[in-house]
Amino acid sequence: MLADAIAAENLRLTRNRTTFFWGFLFIPLLALVAEIGGRLFMHHDLPAELRALPVDMADQLVKAFGEAGGAMTILLSLIGAAVLFAGDYRWETWRLLTPRASRTNLFLAKVAVFAQWSLVTILLIGVLDVGVALVGGMIDGNRLTFGLGAGEFARQLLAVALVSWAQLLFAGGLAALAATATRSTIAAIMIPIGSFIGLFLAQNRYPVQDAAADWWKILLIPGHAFDYGRLFLAGIETLPGQTIAASAGLAGIFGMVAWLLIGFGGGLAIFLRQDLSKE
Amino acid sequence: MTSILSTSNLTKAYGAVRALDGLTLEVPEGGVYGVLGPNGAGKSTLFRIWLGLIRPTSGDATVMGGAPGTPRRIGSMIETPRFPPFLTARGVLEWLSLASGLKDAPAEIDALLERVGLTEAAGRKVRGFSVGMHQRLGVAAALLGRPPMVILDEPTSGMDPNGINEMRALIRSLADQDEVSVVLASHQLAEVQKICDRVAILNRGTLAAEGSVSDLIGGAGGERLRLHVSDPARIAALIGAGAEALADAVLVRLTRADAPALIRRLATEGVDIFEARWVGADLEAVFMQETGGQDAR
Chain C
1 MLADAIAAEN LRLTRNRTTF FWGFLFIPLL ALVAEIGGRL FMHHDLPAEL RALPVDMADQ
61 LVKAFGEAGG AMTILLSLIG AAVLFAGDYR WETWRLLTPR ASRTNLFLAK VAVFAQWSLV
121 TILLIGVLDV GVALVGGMID GNRLTFGLGA GEFARQLLAV ALVSWAQLLF AGGLAALAAT
181 ATRSTIAAIM IPIGSFIGLF LAQNRYPVQD AAADWWKILL IPGHAFDYGR LFLAGIETLP
241 GQTIAASAGL AGIFGMVAWL LIGFGGGLAI FLRQDLSKE
Chain B
1 MTSILSTSNL TKAYGAVRAL DGLTLEVPEG GVYGVLGPNG AGKSTLFRIW LGLIRPTSGD
61 ATVMGGAPGT PRRIGSMIET PRFPPFLTAR GVLEWLSLAS GLKDAPAEID ALLERVGLTE
121 AAGRKVRGFS VGMHQRLGVA AALLGRPPMV ILDEPTSGMD PNGINEMRAL IRSLADQDEV
181 SVVLASHQLA EVQKICDRVA ILNRGTLAAE GSVSDLIGGA GGERLRLHVS DPARIAALIG
241 AGAEALADAV LVRLTRADAP ALIRRLATEG VDIFEARWVG ADLEAVFMQE TGGQDAR
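Heads up: the sequence lines are chains C and B, in that order. The numbering of the first sequence is the numbering used here, which starts it at 1 and goes up by one. The numbering of the second sequence is the numbering used here, which starts it at 1 and goes up by one.
The reader is advised that the hints may include incorrect statements.
Unchecked claim - From the structure, some residues in chain B lie toward chain C, with a derived Cβ separation under 10 Å:
#1 55
#2 59
#3 72
#4 85
#5 102
#6 104
#7 144
#8 148
#9 161
No lab work stands behind these hints: they were computed from the structure. No residue lacks a Cβ here, since even glycine has one placed at the ideal position from N, Cα and C.
Given the sequences, and given the hints that come with them, work out the whole structure.
Here it is as structure tokens:
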């Protein structure tokens, strides 16, 4: 059963302390340290009147979760993804697992465990960031405000957190595809990094000038897909009173889903047909 | 006779090389079944197909009546088992019991660790284990969940003599007391003869012989003189009736009383004899006869 395979994968990952720490816990801790550093700078070096500016908690939360899927988080989550998806080739342990669970369940368990811990990473980054802002604000006597209505706040928070999560899953999908195709942990890290560089260059080479007309760029280039998917889902205004075209938003959402399917689906398709005579 | 494993015209090709070549075999339920063969005979390929690790090029294989690759309660150990190095021996069994969906794992894990002699090493990480300890843990992993059948590839490889004896006793007790069907591949012909009820001898991906150990040994006839010579085919022809050329030796059926005269005659005719020894009526004799004298290793 899939639940059994997930439980086994979770046990193994959490006992692999080095990978678990660097892949999923380091970035939240780094974000915490950076936020504390920022607050200390403000506390010591800014004039009292600037320190005491009101803090918009809604804005702080949305920003924190929106930035949680950034480049550093992606880079380090690749460590976790690479070990998850290439570990059984490296340790030659597929032969222990394949008689116990179907290949589909074994692969999906890895996807589920990566999704689970990358979500925890996102949540930790956001919660710790806001926690520091809250404590720092109390020390400095900031007035706490909440600049969004409940519905709008919930929509924006969910949208940015979801897209940040999707960005980590996209990285995980590329690692899964590279790991199954090459059976190598290093390749499972380096191929996604190379792909990100290429996709970043493509994003800058083919900027979106007119969101409605350039929907195909949004669909094909993951960076655009995530940006426009986020804007569309969050309902954020690009200009006063103006949100992005539905065609651009939907292209963003389809693009995100398609890129996730390419990574994980491609990895699964290879794995289902793969000879494991020598892992 | 109910088959627990079978193949029908099974072929596995790696490019031009055929690891298995139209193999048809039925492994009966119960007892210890040995699969023998020289290097490259196709033993590991056959086991890997049964376990769903690789797919055949053509032909069929069945495992407990179904297709390979469908999860079943089969214990297995293929070659020297490897484990995630950061797990302890107990951790390995906990991990695999979760993967198998076992419910009462803790008590069973303790019992298995004791059965394979790893109780004291249960909390040690496997990265520090010797080959023999890996082997013992591999057997414990294969026995998790009390499977009705275990497939073991070289279960005593890397073990010291005491360990080999313990493993031999364990395998026999699995079949006799726990009623587990054990299918094993081994290069140790004496070991196979001691613990197996039936054997299949593979050679170049095909079935060279199959049957009960006693029948095969009985069919091999009495003692034979094995002469290690440089040109077996020519020497066999020179000796004439009762001589059979192997890859690097000649097997001669004759009485012990006639042996000195034969050796003197060959020496007179300028034949270089590097070694002469009696091959008993045992599995080794059967093996050499069926594989053309290739080394089991």
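For each hint, the structure was consulted:
Given the 10 Å rule on beta carbons, the hint for residue 55 of chain B holds: about 7 Å separates it from the nearest Cβ of chain C. Residue-level restraint check for residue 59 of chain B is violated (minimum Cβ-Cβ distance to chain C is 16 Å; threshold 10 Å). The criterion of a C-beta within 10 Å of any C-beta in chain C is met by residue 72 of chain B, whose closest approach is roughly 7 Å, and the hint holds. Given hint, residue 85 of chain B at the interface with chain C, holds; its Cβ is 7 Å from that chain's nearest Cβ, closer than 10 Å.
Of the supplied interface hints, the one on residue 102 of chain B holds, with its beta-carbon coming within about 9 Å of a beta-carbon of chain C, less than 10 Å. Because the smallest distance between the Cβ of residue 104 of chain B and any Cβ of chain C comes to about 14 Å, over 10 Å, the interface hint for this residue is violated. Look at residue 144 of chain B: its Cβ gets to within about 9 Å of chain C, closer than 10 Å, so that hint holds up. Because the smallest distance between the Cβ of residue 148 of chain B and any Cβ of chain C comes to about 13 Å, over 10 Å, the interface hint for this residue is violated.
Hint status for residue 161 of chain B: violated, given a least beta-carbon distance of 27 Å to chain C, over 10 Å.
In summary, the numbered hints that this structure violates are 2, 6, 8 and 9.
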